[in-house]
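Colleague: Single-letter residue listing:
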Amino acid sequence: MEMEPETLVTSSGGQDGSHSERPSEPSSSSTVARVKKLLFRQVLVGIKDGRFFMGTFHCMDKQGNIILQDAVEYRSTRRNSPSPMEQRCLGLILIPFSCRTSCHVECPIEEQMSLMTIQE
Amino acid sequence: MDWNSTPAEQAEPPMSRRSSLPLSSTIPASPNTVWVDATPLLQAACTDLLDGELIHGENFNLFAAMSALEIMDPKMDSGMICKYYSVDEAIEDGVGPVPISFDRTTDVQCTLDIMDHLLACEATWHKGHSLAQTVFSCIYLLRPERTVPSPILHSYCKIIRATCKAIVSVVSDARTHEEEDLFTMAYGLPLDGDGDEKSLSLLNAVEENLCRQLRACKAQSSRRKQDMEPLQSDIDMEEGYCKALLCRLRFRKHFFHVLACMRRPQGKGLELARKHIASSISELECIRKSADFLISTASGGCSIGIEDRTTASGRKPIGFDASLNSRVSAPAPPRSIKMLSWNKAIEYFEKLLRDLDFICSYSLDPSLEVLLRFVTQFQSSRPDLVARSHLQLLLVQEGRLYGRDPMFAVITRAAGLPETTKNHDIQRYESVMQLGQLVINMLKIVCTNTAWQRRKLGKSLQDWRVIYVQLELAFTNKFGEVLATSNDENGVARVVKQILIWLEEQAYWIAFRFLMLGFELELYSPSEFFMVYWYLYAVLVKLAEKTDSRMEITEITAAKRKGKKRKDSSKDVGRETRIPPAVRFLQCQIHLVEGLTLLQAALRNEMAALHSLTPFNSEQEIFLQHFELLQKACIPEQITYHSFKESTSYARFSNIATPNCFQQAQKLAKELRSSFSNDHDRLAELRRLEQVAEHNSVAMNVICQLGAVEPNSLKVSFEFIHHPCYATAVVRRA
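If you read the protein sequences in the order shown, they are chains H and P.
With UniProt numbering applied, the first sequence covers 1 to 120.
With UniProt numbering applied, the second sequence covers 1 to 734.
Hints were generated in silico from the structure; no laboratory data involved.
Just so it is clear, the structure is predicted and the values come from calculations on it, not from any experiment.
In this text, a Cβ means the ideal position worked out from N, Cα and C, and glycines have one as well.
It is possible that some hints are incorrect.
Below, simulated SDA-like cross-link-like pairs (lysine to any residue); rule was C-alpha separation at most 20 Å, straight line [stated by the list, open to error]:
1. P/Lys275 <-> P/Cys247
2. H/Lys36 <-> P/Met237
3. H/Lys37 <-> P/Asn32
4. H/Lys48 <-> P/Met72
5. H/Lys37 <-> P/Ala44
6. P/Lys75 <-> H/Cys89
7. H/Lys48 <-> P/Cys82
8. H/Lys62 <-> P/Gln43
9. P/Lys444 <-> P/Asp181
10. H/Lys37 <-> P/Phe60
11. H/Lys62 <-> P/Phe60
12. H/Lys48 <-> P/Leu69
13. H/Lys36 <-> P/Thr47
14. P/Lys546 <-> P/Glu472
15. P/Lys316 <-> P/Ile295
16. H/Lys37 <-> P/Val396
17. H/Lys48 <-> P/Ser323
18. H/Lys36 <-> P/Asn59
19. P/Lys83 <-> H/Lys36
20. H/Lys36 <-> P/Phe60
21. P/Lys218 <-> P/Met237
22. H/Lys37 <-> P/Thr47
23. P/Lys83 <-> H/Thr101
24. H/Lys37 <-> P/Thr39
25. P/Lys670 <-> P/Ser697
26. H/Lys36 <-> P/Gly57
27. P/Lys83 <-> H/Pro84
28. P/Lys83 <-> H/Gln42
29. H/Lys48 <-> P/Thr39
30. H/Lys37 <-> P/Leu50
31. P/Lys456 <-> P/Val396
32. P/Lys75 <-> H/Val72
Pairwise CB distance ranges, derived in the manner of DEER restraints [to be verified]:
33. P/Ser525 <-> H/Pro84: 56 to 62 Å
34. P/Pro31 <-> H/Arg88: 22 to 28 Å
35. H/Phe97 <-> P/Ser172: 40 to 46 Å
Please put together the full structure from these sequences, using the hints given.
Modeller: Here it is as structure tokens:
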């Protein structure tokens, strides 16, 4: 959790986040490198049955399955109307891609722009 | 932020259709951060990743990651939302209506179904599941105050909660439910309700009302009191419904009283408990009989198979949802539960009541020997956790036997010392106090389930050995050679010596029980029987020796106290021929195991067919595996694999039949009948031993005669036909 990933945005404001000093490894691309930088950040994942899980981004695989560390489960007490959230701690969890409906990562406000400009 | 969604789209939460995050107001990140949608980036990265490549940090460990809980997997995700987000939502959706129905007949029918299903849930819980997913899958139980407008349902729910609370408390106090640890988890469940008094008084009021209604409907129509409002609207069915409700309520009342009486300290409530047990059993019988009536009331026939139904009527009960509470059972991963059927639930409670009755019939005998025999007999009926916990709490309360006798008094009595010894000073010595604790542990262990019991007994053997050595050492150091000659009567030396003799006897008893339980648990394969019987022989010989020593020294002590002078020659000779029946009982078993060992050894030595050597373990390894705990504790001493091989290698068909051990056992068993004429349990055991001996004697003769001539024409197997531990040889033509 305390490992600091490199900052996403260089001082020169390179929008695609690539760093020219580091030779890229043959197996990873810039998108993979960027996702690597999201490791250890707080991430909020939404699930098909309406629950949310917040935890530290720990791992992801090619299928899009995500592992979160120190995860907390949030659930509403009513399906369709605003209501207080209940939460409980779960620890290490695996969220299969198939049940994931959303995934948000915690960003300092200034970084928000660079992340949102990611192109396919 | 708004949660727009049309009522029709209830499958997906509103979130999925919005790209920005309304959640930021309910799950805030932190003051300087925002939530940003990372989905496109993640998707792009997934495309670029190579097969099998993972994105992870330096602290990632694949092995540790395997322990991650998989979300939406029913076996791991206890918070999975099936239908309702919470109990309140379910209630709002009408899952547990109060009153159940405005039609009083339907209301009564549904109440009966709820009562029956709760009985099935309760039995399922007792059998080893979590309270949250069984009994408390009932919405009516989860919100106690809601059921007030329906008095019958309300009183029933109250008494159920009070009963569950009482049972959780008993099992928690016994603290020997390590393998049934889910049982006592009650976090988040409304078990702390009103006091027991209120539950009972409410139940009594409802019962009285029902009685009046029953009387009213039975009375002649001309004399029928018009001011008594009937239970429900169908006059022809009134009697049936009243009776069905009454027996269910009465069962709960009596069962609750049983638990309350048995909890009274020092076994003071046992006699009263027996009365309530009898009433409970008779009410259960009435409940069973009500099934025919209730099935006939189920319109449209049985929805579930008749045998699997959890209610008498066969209808599915209203107001239950097992998934609502699943996350309260955390941290355990959710287990799938098959609810016991209604019939099986009744059978379970009948057995539980019988087991509790057996406990209540105990006379609280101050003799440890009698107690251990009682517990062994109790355990032979395979009682469940609830009954066993009750027994344990009866036996050991506040560090005393039955809450009454201090451990030192129990030990001195078991060692055969006079009553006055229980006030002796040595009870304050460290090692003596530790011995008392060891006895308490043993008593708790013998009340647990068989598998756990055997493991713990085996492990405790070393403790017994250590205590023996410590005790011996402590008093040798203090008094030097005094221990060797024990002529003083109430001196420390005599007391310690007798305690040491008893201690050894007790350790051998534990070893004996350890070995025998292995048969009950089917831990020995047939090819291993003969080494077990050989070891049993060694243990039994020692046990008989120590029992005899203990009894002899008890007699001597008692005789001295009466002031009789020892006439050396006559008394001694007389003593030798009067071996106590208890010892002869052991001798009968010694002959039996000797015979079994020799027979099996001869078969192995003469016929290769019985050698089922596996490529995995050698015979020596198997020997060490089975008897490791006994060997470590040197019980008995100087027993090794080699001594085992030596003593069995000579066995042949030609030499095992004379003397015929089985005939000796048979003869002894017959003779002992008169000594135990008042002891039903031991008489039954003697009968079984006699049968084993008789059949084996015949088999041995056949084997020895035929085996000498044509060994391969025989097929011999050892089966537990007459006794659960001593096998009978069955001889067939090959």
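Colleague: Of the numbered hints stated previously, which ones are contradicted by the structure, given in increasing order?
Modeller: Of the numbered hints given earlier, those the structure breaks are 2, 16, 19, 28, listed in rising order.
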